[in-house]
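K.L.:
Protein chains in written order, with our numbering: chain P, 1 to 107; chain U, 1 to 413.
In short, the hints are calculated from the structure, not lab data. Please read all numbers here as calculations on a predicted model, not as lab measurements. Some clues are possibly wrong.
Said to hold, decoys possible - From chain U, some residues computed to sit far from chain P (all C-beta separations above 10 angstroms): (1) GLY201; (2) GLU287; (3) ASP300.
Unchecked claim - With a cut-off of at most 25 angstroms between alpha-carbon atoms, the simulated SDA-like pairs for lysine to any residue come out as follows: (4) P:LYS15 - U:GLU66; (5) P:LYS15 - U:ALA103; (6) P:LYS15 - U:ARG179; (7) P:LYS15 - U:ARG72; (8) P:LYS15 - U:GLU71; (9) P:LYS15 - U:ARG24; (10) P:LYS15 - P:HIS90; (11) P:LYS15 - U:GLY207; (12) P:LYS15 - U:LEU229; (13) P:LYS15 - U:PRO65; (14) P:LYS15 - P:PRO63; (15) P:LYS15 - U:VAL64; (16) P:LYS15 - U:GLU62; (17) P:LYS15 - U:ARG60.
Where a beta carbon is used, it is the ideal one built from N, C-alpha and C, also for glycine.
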Amino acid sequence: MPTVIFQLPDGTERKVTAASGTALMQAAVSNGVPGIVAECGGNASCATCHVYVDAAQSGLAGPPNDVEDEMLDFTAAERRPTSRLSCQIHLSDALDGLVVHVPEEQV
Amino acid sequence: MTSMAGVVVVGGGQAAFSVVSTLRASGYAAPVTVFAAEPHLPYQRPPLSKKAHTEPEGLRVELVPESFYRERNIDLRLGDDVVALDTAAATVVTRTGARVPYAHLVLATGARNRPLPVPGAELDGVHALRSLDDALTIGRALTTARDVVVVGGGFIGLELARVALARGARVTVVELADRLLSRAVSRELELPLRERHEHAGVRVLTGTGVRALEGPGRVDRVVTDREVLAADLVVYGIGAIPRDDLAREAGLAVDDGVVVDEQLRSVTDPRISAVGDCARHPHPHAEGLVRLESVQNAIDQGTLVGRRIAGSPASYESLPWFWSDQGDLRLQIAGLRSPADEVRLVPGDSPERLAGYAFRDGLLVAVETLNWPAEHLAARRLLERRTPVLAGDLAGTTLGALARARRAAEVRA
Ligand SMILES: Cc1cc2nc3c(=O)[nH]c(=O)nc-3n(C[C@H](O)[C@H](O)[C@H](O)COP(=O)(O)OP(=O)(O)OC[C@H]3O[C@@H](n4cnc5c(N)ncnc54)[C@H](O)[C@@H]3O)c2cc1C
Ligand code: FES
Numbered sequence: 001m002p003t004v005i006f007q008l009p010d011g012t013e014r015k016v017t018a019a020s021g022t023a024l025m026q027a028a029v030s031n032g033v034p035g036i037v038a039e040c041g042g043n044a045s046c047a048t049c050h051v052y053v054d055a056a057q058s059g060l061a062g063p064p065n066d067v068e069d070e071m072l073d074f075t076a077a078e079r080r081p082t083s084r085l086s087c088q089i090h091l092s093d094a095l096d097g098l099v100v101h102v103p104e105e106q107v
Numbered sequence: 001m002t003s004m005a006g007v008v009v010v011g012g013g014q015a016a017f018s019v020v021s022t023l024r025a026s027g028y029a030a031p032v033t034v035f036a037a038e039p040h041l042p043y044q045r046p047p048l049s050k051k052a053h054t055e056p057e058g059l060r061v062e063l064v065p066e067s068f069y070r071e072r073n074i075d076l077r078l079g080d081d082v083v084a085l086d087t088a089a090a091t092v093v094t095r096t097g098a099r100v101p102y103a104h105l106v107l108a109t110g111a112r113n114r115p116l117p118v119p120g121a122e123l124d125g126v127h128a129l130r131s132l133d134d135a136l137t138i139g140r141a142l143t144t145a146r147d148v149v150v151v152g153g154g155f156i157g158l159e160l161a162r163v164a165l166a167r168g169a170r171v172t173v174v175e176l177a178d179r180l181l182s183r184a185v186s187r188e189l190e191l192p193l194r195e196r197h198e199h200a201g202v203r204v205l206t207g208t209g210v211r212a213l214e215g216p217g218r219v220d221r222v223v224t225d226r227e228v229l230a231a232d233l234v235v236y237g238i239g240a241i242p243r244d245d246l247a248r249e250a251g252l253a254v255d256d257g258v259v260v261d262e263q264l265r266s267v268t269d270p271r272i273s274a275v276g277d278c279a280r281h282p283h284p285h286a287e288g289l290v291r292l293e294s295v296q297n298a299i300d301q302g303t304l305v306g307r308r309i310a311g312s313p314a315s316y317e318s319l320p321w322f323w324s325d326q327g328d329l330r331l332q333i334a335g336l337r338s339p340a341d342e343v344r345l346v347p348g349d350s351p352e353r354l355a356g357y358a359f360r361d362g363l364l365v366a367v368e369t370l371n372w373p374a375e376h377l378a379a380r381r382l383l384e385r386r387t388p389v390l391a392g393d394l395a396g397t398t399l400g401a402l403a404r405a406r407r408a409a410e411v412r413a
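Excised from the complex, chain P in its bound form (with noise of 0.2 angstroms):
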C-alpha cells in the first residue's frame, strides 16, 4: 500500500497509507487531512481538493487532464505548474513517497 505525504500549511505534515487505486483526495479526506474539503466527494465538480505536488516529483503524478486542466485556472490559491485536484490523482505503488503540499485556502 503506497503512502504519501501531506505537507500543511503550518508547517506539519500529515503520513497517509491507502490501498492503491483510491483517489489520493479520498485518502486525505478518510484520514481527516485538514485543508482537503472535496465538496463534490471526487466528481471533478468543485475544486476544493486541490493540492501542489513536490517540485521535486512532479513527473510522478503526471499532468491534470483537460477538465482539470481548465478548472485549475480557478482554484481559491493560486495555481501553480505542479497544482493538481487530488481526486483525479489515483494512488499505485509507483506513488509511493508522493509528498503534496496542501494550499492556505480550498473555498
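Assemble the complex: chain P is given as a structure, and chain U with the ligands must be docked to it using the hints.
P.N.:
Frame of chain P; chain U with the ligands shown alone:
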C-alpha cells in the same frame, strides 16, 4: 456542569459531520455526541442517485471511517434517534430513553421526501430515494425493471431517469409543471437540457399529473391525466420536507424549517443551532429567509457553527452552489437566481457546453452551466468576491475569460 455537557448534534448526515469534524479541528475539547437515526456511518447522498445503481457492490459512500470519530473522541450513536427536546432543562431524550444534557444543541436532521399523494403509492415496486437503503433497494429493482416511470422532473428524478436508461430500461419522466426543474433552473437552460434528455432516449411528459398507481399488489401501470403508462418500477422525487418536528414540538420558531439568525442560532433559543436541509436562514444573496438543500450549504453551515461554538463567530454568507450529474449532463449552478431575473444563454467552446448568465438590474447574480466546470468555477470566484459583473462586461466573452483578465490585471497592479 454545563461545560461538561458539551455539544449534542441531532442527525448523522453531511451537516452533522461538518459540525463535529470542525469542532475537533478547531480545538474544542468538551464532549461531542451525535445521535444519528440511521444505522450507517454518516455518508454522502449525491452518489445515491448517480452511482448506487451502476455500482451497487462497490458503493462506498461514508464520509470517513469509524476510526475518525474514535480518534477524535466523538461519541457517535448510530441508530438512536432523538425523540424530544427539553429546552428548559437543556436535555435531549432519545428513543432508548436516555436523557443527555447539552451546553449547545445542533439540529442537523435534514429532510424527508414529500410523500406521493395518489392512490396506489404503497404498492410494491414504488420507491422514493433519500437513504442508502433506498438506493440499494432501487438498485436491485433496476436489475430486472423494463419499464420505469419517474414521477417528478427534479434533480433526483432526472438523475435516476438516466441511471435507469443506462441500465437498459425504457424510461418516462412525468412532471406536473409545464417544464423540468421548474424551481431550480431557468426556462432558458431547461429547453436544451430537456432536448438532451429526450435525445438520449428519456420520454418526458410535462404538464402531466399522476392520478393513480395500479397493479395487483405490485405496480404495473401509472394512470396519468393523459395516458396510462406500463410500469414495473416507479420512482418518485417530488420534493423534500425539512425535518423540523422536534423543534416545533419544543416550541422553537419553525417555518418550513427551523428559523435561525445570520449566525444560524435558533431565533427562539440561542443555545440551539440548526444547519443544513432543516434550517431556514437569512442570506446576503437572498431576499427574506431561504432554506437550501445542497452539500455546499450543509458543509459550510456546519463549519460555521462548529467554529462559532469553538470560539470564532461569523455570519453565514457562503455563495450557494450546486451540481447534478444526469447521465452525460453535468449541471452546475452558482449563486441564487430568482424567477424575474433575465437569463442569457451563451454557447461554450464545444457543442456540449452551455452557460446561462442570470442578471438582476443588469448585475450578474447567478450562473447555470452544462458540462462546463471551469466556467462554473470562474462564476463562483467572481460572485463570491461580490465584485460587480455587468451584462456589458460579458458581451462576446465568457466568465472564464473575464476572470482570467481580471486576475491578470490584479497581478499587474
Ligand atoms: C439522492 C440525493 C441526491 C443528492 N444529490 C445532490 C447533489 O448532487 N448535489 C448537492 O449539492 N446536493 C445533493 N443532494 C442534497 C444533499 O445531499 C443534502 O442537501 C445534504 O445531505 C443535507 O445534509 P444534512 O446533514 O442537512 O441532511 P442529511 O444528509 O439528510 O442528514 C440528516 C440525517 O439526520 C438523521 N435524523 C433526522 N432526524 C433525526 C433524529 N430525530 N434523531 C437522530 N437522527 C435524525 C437522518 O436520518 C439523516 O441521516 C442530494 C440528496 C439526495 C437525497
Ligand atoms: S473533490 Fe471536487 S473536484 Fe476534487
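K.L.:
Could you run down the list of hints and mark each one as holding or not?
P.N.:
Do the hints match the structure? See the list:
In this structure U:GLY201 is separated from chain P by more than 10 angstroms, as the shortest Cβ-Cβ distance comes to about 23 angstroms. The beta carbon of U:GLU287 is kept farther than 10 angstroms from every beta carbon of chain P, the shortest such distance being approximately 24 angstroms. For U:ASP300, the requirement that its beta carbon stay farther than 10 angstroms from each beta carbon of chain P is not met, with the minimum near 8 angstroms. Of the supplied pair hints, the one linking P:LYS15 and U:GLU66 holds, its CA atoms being roughly 19 angstroms apart against a limit of 25 angstroms.
Distance hint between P:LYS15 and U:ALA103 is unfulfilled; the C-alpha atoms sit about 35 angstroms from each other, more than 25 angstroms. With a C-alpha separation of about 51 angstroms, the suggested pair P:LYS15 and U:ARG179 falls outside the 25 angstroms cut-off, and the hint is violated. Restraint check: the Cα-Cα separation between P:LYS15 and U:ARG72 comes to about 17 angstroms, which is no more than 25 angstroms; the hinted pair holds. Proximity of P:LYS15 to U:GLU71 is assessed by CA-CA distance (about 16 angstroms); at most 25 angstroms being required, the pair is judged to hold.
Our distance criterion of 25 angstroms between C-alpha atoms is met by P:LYS15 and U:ARG24, whose separation comes to about 19 angstroms. The straight-line distance between the Cα atoms of P:LYS15 and P:HIS90 is roughly 16 angstroms, inside the 25 angstroms bound, and the hint therefore holds. Our distance criterion of 25 angstroms between C-alpha atoms is broken by P:LYS15 and U:GLY207, whose separation comes to about 56 angstroms. Distance check on the hinted pair: P:LYS15 and U:LEU229 sit about 56 angstroms apart at the alpha-carbon level, beyond 25 angstroms; violated.
At most 25 angstroms may separate the alpha-carbon atoms for a hinted pair to count; P:LYS15 and U:PRO65 meet this at roughly 17 angstroms. With a C-alpha separation of about 23 angstroms, the suggested pair P:LYS15 and P:PRO63 falls inside the 25 angstroms cut-off, and the hint holds. Our distance criterion of 25 angstroms between C-alpha atoms is met by P:LYS15 and U:VAL64, whose separation comes to about 17 angstroms. Only pairs whose Cα atoms come within 25 angstroms are accepted, and P:LYS15 paired with U:GLU62 is accepted, the gap being roughly 21 angstroms.
Of the pairs offered as hints, the one joining P:LYS15 and U:ARG60 holds, with about 23 angstroms between alpha carbons and a cut-off of 25 angstroms not exceeded.
Checked against the numbered hints above, the structure violates hints 3, 5, 6, 11 and 12; every other hint is satisfied.
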